[in-house]
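A.B. asks: So the chains spell out like this:
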Amino acid sequence: EAGVTQFPSHSVIEKGQTVTLRCDPISGHDNLYWYRRVMGKEIKFLLHFVKESKQDESGMPNNRFLAERTGGTYSTLKVQPAELEDSGVYFCASSPDRAFTDTQYFGPGTRLTVL
Amino acid sequence: AQKITQTQPGMFVQEKEAVTLDCTYDTSDPSYGLFWYKQPSSGEMIFLIYQGSYDQQNATEGRYSLNFQKARKSANLVISASQLGDSAMYFCAMRGMTGGFKTIFGAGTRLFVKA
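Protein chains in written order, with the numbering used here: chain U, 2 to 116; chain D, 71 to 185.
Any given hint could be a false lead.
Chain D is faced by these chain U residues, among others (derived, beta-carbon under 10 Å) [what the hints assert, rightly or not]:
no.	residue
1	Ser-10
2	Ser-12
3	Arg-38
4	Phe-66
5	Ala-94
6	Tyr-106
For lysine-lysine, the following DSS-like pairs were computed, each having C-alpha atoms within a straight-line distance of at most 25 Å [to be verified]:
no.	chain 1	residue 1	chain 2	residue 2
7	U	Lys-79	U	Lys-52
8	U	Lys-45	D	Lys-184
9	U	Lys-79	U	Lys-55
10	D	Lys-73	U	Lys-42
11	U	Lys-45	D	Lys-73
12	U	Lys-42	U	Lys-79
13	U	Lys-42	D	Lys-143
14	D	Lys-143	D	Lys-184
15	U	Lys-42	U	Lys-16
16	U	Lys-52	U	Lys-16
17	D	Lys-73	D	Lys-184
18	U	Lys-79	U	Lys-16
Hints were generated in silico from the structure; no laboratory data involved. No experiment lies behind these values; they were computed from the predicted model shown. The C-beta atom is built at its ideal place from N, Cα and C for all residues, glycine as well.
Construct the complete structure from the given sequences, taking the supplied hints into account.
C.D. replies: Below is the structure:
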């Protein structure tokens, strides 16, 4: 069974540009999460999809970030325009159910560098 | 509020010896789940072990065991017979009812296994 995949693995952009990150969850997982780790800080929750609906987007830092999950399959996270403080590693995770006992399986992350 | 504390930024262990990585947590939830993840240099987050707050026995998964002391709110990870491939970053995490379905992470502990 394929795990969570993320694309690209690395992205280097200039301040003010737009970047779109993609996440493909494990097949059959309705729940998809985005997290971010900026340099030296903890991994922080960004948002949670259940199928195509946003269940919780309380962790989104500002309106420069837009997440979508059309059709309830893969998800994209767009940063527009990117700022220096957006640099970090963006992780996607998925789980089959929403119980807090459920393990969230993480992808390899996308390392974003904003110059 | 939920919080995870990992007080060891870095740890060294000799190959084949056991090592304990500390984790304490704070939550007011009556039910919660505790998780450990490993992040090798390649970047992916690998799920290691899970402990439910109502589980009577400590969780074990191969060489990994979780020393769960509920009254002390600690969930230390024990790795037995360390291997060079265990060198990585280790994150303690939790999910609880009031936190929604987001995972809260500690700052991580970097483990170095010496030959």
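A.B. asks: The structure should be examined with respect to each hint, and the outcome stated for every one.
C.D. replies: Going through the hints against the structure:
1. With its C-beta approaching chain D no nearer than about 8 Å, U:Ser-10 sits inside the 10 Å limit, and its interface hint holds.
2. Because the smallest distance between the Cβ of U:Ser-12 and any Cβ of chain D comes to about 14 Å, over 10 Å, the interface hint for this residue is violated.
3. For U:Arg-38, the interface hint holds, since its Cβ comes within 10 Å of a Cβ in chain D; the closest pair sits about 8 Å apart.
4. At about 16 Å, the closest approach between the beta carbon of U:Phe-66 and any beta carbon in chain D exceeds 10 Å, and the interface hint on this residue is violated.
5. Of the supplied interface hints, the one on U:Ala-94 holds, with its beta-carbon coming within about 8 Å of a beta-carbon of chain D, less than 10 Å.
6. Annotation: U:Tyr-106 was flagged as interfacial toward chain D, and the flag holds, the nearest CB pair being 6 Å apart, inside 10 Å.
7. For the hint linking U:Lys-79 to U:Lys-52, the alpha-carbon distance of about 18 Å falls within 25 Å, and the restraint holds.
8. A hinted pair counts as satisfied when its Cα atoms are at most 25 Å apart, and U:Lys-45 with D:Lys-184 does not qualify at roughly 31 Å.
9. Simply put, U:Lys-79 and U:Lys-55 have alpha-carbon atoms about 15 Å apart, close enough for the 25 Å limit, and the pair holds.
10. Restraint check: the Cα-Cα separation between D:Lys-73 and U:Lys-42 comes to about 14 Å, which is no more than 25 Å; the hinted pair holds.
11. As the CA atoms of U:Lys-45 and D:Lys-73 are separated by approximately 12 Å, the hinted pair is consistent with the 25 Å bound.
12. A C-alpha spacing of about 21 Å is found between U:Lys-42 and U:Lys-79, which places the hinted pair at or below 25 Å, so the restraint holds.
13. For a cut-off of 25 Å, the pair hint linking U:Lys-42 to D:Lys-143 stands: about 23 Å separates their Cα positions.
14. Between D:Lys-143 and D:Lys-184, the direct Cα distance comes to roughly 30 Å. Violation of the 25 Å bound is thereby established for this hinted pair.
15. For the hint pairing U:Lys-42 with U:Lys-16, the CA-to-CA distance comes to about 21 Å; that is within 25 Å, so the pair holds.
16. Of the pairs offered as hints, the one joining U:Lys-52 and U:Lys-16 is violated, with about 32 Å between alpha carbons and a cut-off of 25 Å exceeded.
17. Under the criterion of a C-alpha separation no larger than 25 Å, the hint pairing D:Lys-73 with D:Lys-184 is inconsistent with the structure, at around 31 Å.
18. With a CA separation close to 14 Å, the supplied pair U:Lys-79 and U:Lys-16 stays within the 25 Å bound.
Hint check: violations occur at hints 2, 4, 8, 14, 16, 17; the rest are consistent with the structure.
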